Structure formats: C-alpha cells, structure tokens
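Trainee: Here is how the chains run, residue by residue.
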Amino acid sequence: MTNLKEAKCIVWDLDNTIWDGVLLESEKVELKPGIKEILEEFDSRGILHSIASKNNYDDAIDKLKEFGIDQYFLYPQINWNAKSSSIAEIQKKFNFGIDTFVFLDDQQFEREEVASLLPEVETIDALEYAEILKKERLNPKFITADSKQRRSMYQSDIIRNQTELEFKGPQEEFLASLNMEFVISDAAEEDLKRAEELTVRTNQLNATGRTYDYNELNEFRLSENHKLIVCELTDKYGSYGKIGLALVEMNEDEWHIKLLLMSCRVMARGVGTVLLSHIMAEAKKANKRLFADFKVTDRNRMMFVTFKFANFKEVAKNEDYVVLENDLTNIQGYPDYIKVVHL
Amino acid sequence: MELNQKIRSYIEDNLVVFEDEAEFTDDDNIFKMGFVNSLFAMKLLNFVEKEFDITVENDEIDIKNFSSVSKIVQLVESKRN
Numbered sequence: 001m002t003n004l005k006e007a008k009c010i011v012w013d014l015d016n017t018i019w020d021g022v023l024l025e026s027e028k029v030e031l032k033p034g035i036k037e038i039l040e041e042f043d044s045r046g047i048l049h050s051i052a053s054k055n056n057y058d059d060a061i062d063k064l065k066e067f068g069i070d071q072y073f074l075y076p077q078i079n080w081n082a083k084s085s086s087i088a089e090i091q092k093k094f095n096f097g098i099d100t101f102v103f104l105d106d107q108q109f110e111r112e113e114v115a116s117l118l119p120e121v122e123t124i125d126a127l128e129y130a131e132i133l134k135k136e137r138l139n140p141k142f143i144t145a146d147s148k149q150r151r152s153m154y155q156s157d158i159i160r161n162q163t164e165l166e167f168k169g170p171q172e173e174f175l176a177s178l179n180m181e182f183v184i185s186d187a188a189e190e191d192l193k194r195a196e197e198l199t200v201r202t203n204q205l206n207a208t209g210r211t212y213d214y215n216e217l218n219e220f221r222l223s224e225n226h227k228l229i230v231c232e233l234t235d236k237y238g239s240y241g242k243i244g245l246a247l248v249e250m251n252e253d254e255w256h257i258k259l260l261l262m263s264c265r266v267m268a269r270g271v272g273t274v275l276l277s278h279i280m281a282e283a284k285k286a287n288k289r290l291f292a293d294f295k296v297t298d299r300n301r302m303m304f305v306t307f308k309f310a311n312f313k314e315v316a317k318n319e320d321y322v323v324l325e326n327d328l329t330n331i332q333g334y335p336d337y338i339k340v341v342h343l
Numbered sequence: 001m002e003l004n005q006k007i008r009s010y011i012e013d014n015l016v017v018f019e020d021e022a023e024f025t026d027d028d029n030i031f032k033m034g035f036v037n038s039l040f041a042m043k044l045l046n047f048v049e050k051e052f053d054i055t056v057e058n059d060e061i062d063i064k065n066f067s068s069v070s071k072i073v074q075l076v077e078s079k080r081n
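Here the protein sequences line up with chains A and B, keeping their order.
Under the working numbering, the first residue of the first sequence carries the number 1, and numbering increases by one thereafter.
Under the working numbering, the first residue of the second sequence carries the number 1, and numbering increases by one thereafter.
For reference, chain A alone in the conformation it holds in the complex:
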C-alpha cells in the first residue's frame, strides 16, 4: 500500500465508530476512548474530517456538539443514503481526488459497499481507529502553518461560497464586498516548507511543472540573482493562506520567470493575473526585459491563458518548454476590488 497518495480527508461513521452504541437505540452513547485526541491530531496535520452516517441529522449533530467535537467535521453527510453516495458528495464539495479519501466504519457491509462503488477510497475497520495515526499516508510530508489552519480556511470557504450563491447583483459588487487583500512579499525562511508543498500539490495552475525542494528554494531565497516571491490572500472571512509562488531569475539585462503557481482554491479570484502584473511592473521599473518559461501540459491551460492574455508572446521553443517574452508596453493595473500590498 506504499504507492497510495497522501490522504487529505478521513470520512467517519458515527455509531460504534466515533462513539460506542447506536444513537437511534439509546441516547446514552459514549465517545470511544481517545477519539477526541485523534481528531485533534489529524486536524493539526492538516487532514480534514467528514462524516458518512445513517442517522437523524439533528440528533447526531446535537450529540457531536454535546461531545464538543462537531467543529472538526466539514460537510457531514448524515442521512439514509448509501455511504458511497455520501462520500461522493463530500468529494465533490472538497474537490480533492477521490484517491485521497479514507473511510472508517465498524460494519463490514458498509465498507464493502463503499469499496465496490469507490474502489479508490481506502476503507478501514473502525476497530483499528487508534492505529491509523501511524499510517504513512496519514502522516503528511509537510506540516506548515497552512496545514494547521486548513480546516478553518475550508470553513471560511463554505461561508464565502454560500454568500456568493445568495448574492444578488453584479459579480464586481460581490467581489468588492469581500474586502480582499493580496499581499506580495519576498519569501522568508518560514515560508519555504509551504513553498515546497505548493510546488508539489499544485498541478492545474503551475507554469512549468517544476518542483523544488526546501534546500533549493532556500538557495534561491538567499541568492542575489533570484527573487522568490510568495503571496497571501485574505478577505473579510479570513486568510486563504499562502497561495501563490513565483521564482524570478535576475540577470544583467533581463529577468526570467522560472516558476509561477497559484493554488486552485483562489482560481475564482483571478489573482494569478495580479501577480503577473506585479512582476511585469517591477521588471519595467528596473528597465529589464522579461521572459518566462512555460511548459504546456494537459492540465495547466488556464495558466497558459493567463500568460497569453497578459500579453506574453512565444519567442523560443525548447525541447519540452517554450520561452515567452513580454514587451512590457501594456501592463494591466490591479482591479478595484482587491487591495494589493507589497511588503
């Protein structure tokens, strides 16, 4: 099982899994020993929890509140549907790959139902709940400030999305109502783990598909010939975390963007263009030509469009990537609805 991907979400059954007993039969169920600590530990590792349980929604939620653990679970599915359909629903909400889900249930029947319809979900007997802390795929390679905040960031997303759905009026008014602030800064040492994590986790919005490890990134950070830039986005609901990264090589007459990536979570906010505009404006101020490497894959077309619509043009083609140049004659300003801060 070593080839399994790192898990991003654990889906829990409730009866005889989170607690001993069956809630429909008796209100006097008791939490399994140590379960709270286990939930907390995964939460701090940045692994999210959800629920697939056959119960009355309100009763189960009340019980979770009584135990003081309701806040750990996002998109809980407490209903009478098949568990496979509950897990599919959770997957849709998070937009994670289905192969990053783990499901715990005490009943073999439920585990088999899930395994047969969603074979990529790892199913685990709830008896083993105390053992899962040691599982390799539940021990992420990176634990960063962003991992620790991941749950609260997703909780903010839930509120944002809800507000966006309910918002009547032009999209720009909605965007303006968010009070977004985009902070662009040179990477500090404590940003490097998150930067490495971003290069590994991001596929759709990565310009070159390159990944760098901690030490390489640290060399770039300290090098006089490189700029390593990180971006954070916040709005009135809280921080999205460090969601963007760019590496620029600075030579005598030209700058060269070696890497540019954005987390998919901020795709809908269009901040990739803001970061590009920032780099373009800086290059122009320094009176340098600006180039960028780009490797077209079947997943990063959106990033390609971002570059092309920012007026980058192809000037050379290498074996597996193209070189783009921007003549810096036309730099889009920042939109009104987002405040851009350079540190």
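Quick caveat, the hints were computed from the structure, so don't treat them as lab data.
You can trust all of the hints, since none of them are fake.
Chain A side only, calculated, beta carbon under 7 angstroms to chain B, not exhaustive: (1) Gly272; (2) Thr273; (3) Thr306; (4) Lys308; (5) Asn311; (6) Pro335.
Note that the structure is predicted; figures quoted are calculated from it, not measured.
Heads up, the beta-carbon is just placed ideally off N, CA and C, and yes, glycines get one too.
Following the hints, complete the assembly by docking chain B onto the known chain A.
Mentor: Below, chain B without anything else, positioned relative to chain A:
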C-alpha cells in the same frame, strides 16, 4: 442571435467592468473596459470553443484575437471556414 451578439452578451455577463454603466461597441478593447483576470479569460475561451464548436490552438490564444467582440468573431469565422 448573431455571432457578435452572442459573444457580446457573454462578455457583458461575465467581465468585471471598471464602470458599471459603461456600454461598449464591437470594436472596443475589452482589456481596457474591465479587468481581464485569468478566470474570465479561461471562461471566455471555453465559451467560444463550446458555443461555436471550435478548438482554439495554443498559438491562437493571443490578446489580439480576443481583444474585442469583432476580433473574436473574426477568429471564430476563420476557424469555421
């Protein structure tokens, strides 16, 4: 609906414009009318491909083919012939 009207109403519905009341003609530069962010750019591209059943090649993804309603009409028509 005419090609240009379809494209224009899509842009009107989706572009975050600088001025609410702004009206624009088929030849106005949309990059000057509003903030063309990566999401809008991608949505516009998908719309054009789906609505008119064409595939825009990488070397056609270029500001000059998308800067106005007329330019997009030109691109679509050239692809259809």
